[in-house]
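Under our numbering, the first residue of the sequence shown is numbered 187, with each subsequent residue one higher.
Keep in mind the hints are simulated off the structure, nothing from the lab. Treat the hints with care, as some may be off.
To be verified - In silico lysine-lysine, DSSO-like type, Cα no more than 27 Å apart, as pairs: (1) K387 <-> K359; (2) K256 <-> K387; (3) K387 <-> K192; (4) K359 <-> K393.
As the list claims (entries may be wrong) - Label pairs and their calculated CB-CB ranges: (5) E257 <-> N376: 22 to 32 Å; (6) R343 <-> L403: 39 to 49 Å; (7) P226 <-> S272: 15 to 25 Å.
A virtual CB, placed ideally from N, CA and C, is assigned to each residue, including glycine.
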Amino acid sequence: MTEYNKLSEVSYNPKVRAWRFRVKIHRIYPFYSYVTNSGPFYTYVLADEDASKMEMTVYGDYDRFRGLEKEEGSWVEIFLVEVERSYPGFQATNSHFKLTAMRDTQVRIIDPLNNRLFMDFKKIHAIPHMSHREQNYPIDTMGVVFNTEVHFDDPGRPRMVFYIRDNIDSQIKCVATCEQAYAFRDGLENMRGGQVIVALKMWRVWKFWTYFGPPDLWLETEGEIFRTSGSICVCPRLRTSGSLY
Numbered sequence: 187m188t189e190y191n192k193l194s195e196v197s198y199n200p201k202v203r204a205w206r207f208r209v210k211i212h213r214i215y216p217f218y219s220y221v222t223n224s225g226p227f228y229t230y231v232l233a234d235e236d237a238s239k240m241e242m243t244v245y246g247d248y249d250r251f252r253g254l255e256k257e258e259g260s261w262v263e264i265f266l267v268e269v270e271r272s273y274p275g276f277q278a279t280n281s282h283f284k285l286t287a288m289r290d291t292q293v294r295i296i297d298p299l300n301n302r303l304f305m306d307f308k309k310i311h312a313i314p315h316m317s318h319r320e321q322n323y324p325i326d327t328m329g330v331v332f333n334t335e336v337h338f339d340d341p342g343r344p345r346m347v348f349y350i351r352d353n354i355d356s357q358i359k360c361v362a363t364c365e366q367a368y369a370f371r372d373g374l375e376n377m378r379g380g381q382v383i384v385a386l387k388m389w390r391v392w393k394f395w396t397y398f399g400p401p402d403l404w405l406e407t408e409g410e411i412f413r414t415s416g417s418i419c420v421c422p423r424l425r426t427s428g429s430l431y
């Protein structure tokens, strides 16, 4: 029986490349090389069964990875991949390591390991524990929408503001900008008639100082919407790109 490594077990050893992972492609981001003026290349945010996350970067146009950039949400098996240390700066995960695909790295799509809705949110951030110091990496959280504000007076700076609270009534402000603003407006309007839970993936925490009272904490970036009506059913995901990426 094949044994697989967990992302949480990864360590840095240049001589070891026989890592084997079964992971879900959580997010995919294209990027270009300003040094060689080439691309697009892709960064994959991977999540395993334990909800540990790690980035994998594919720099070359390798045959085995061709078309994989369209498989966000799929489960894959990855074998023969290099481990590098991650460096300070914006990262899509808080892991100390990242993976780099090479020409001989093997990848294939596999059947999903499970279909649990909360799979991606085992390590969600509780609203009371959020801090602007977490800006170095995006967070995941969930909450019930209890108020919305639409700010579309300036077409150049549209904003959709909504507020969420958790099961202990802690609350936080969420701001969707640019194309996200329209996507969230349409998505939330379509959810009228029932309680709306938003599951926010990869949001960033911002701190804003105010003249009166304590500073405000905001969440900003992209997410997806779910609704509850006795049981949770998945509604069409809001897929947008925002100003933070």
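Evaluation of the provided hints:
For the suggested pair K387 and K359, the alpha carbons sit about 15 Å apart, so the restraint of at most 27 Å is met. Of the supplied pair hints, the one linking K256 and K387 holds, its CA atoms being roughly 19 Å apart against a limit of 27 Å. For the hint linking K387 to K192, the alpha-carbon distance of about 21 Å falls within 27 Å, and the restraint holds. At roughly 11 Å between alpha-carbon atoms, K359 and K393 fall within 27 Å of each other, so this suggested pair holds.
The beta-carbon spacing between E257 and N376, approximately 26 Å, falls within the hinted interval of 22 to 32 Å. Checked against the given bound of 39 to 49 Å, the beta carbons of R343 and L403, roughly 21 Å apart, lie outside it. In this structure the supplied range 15 to 25 Å holds for P226 paired with S272, their Cβ-Cβ distance being about 21 Å.
Violated hints amount to a single one, hint 6; each of the other numbered hints is respected by the structure.
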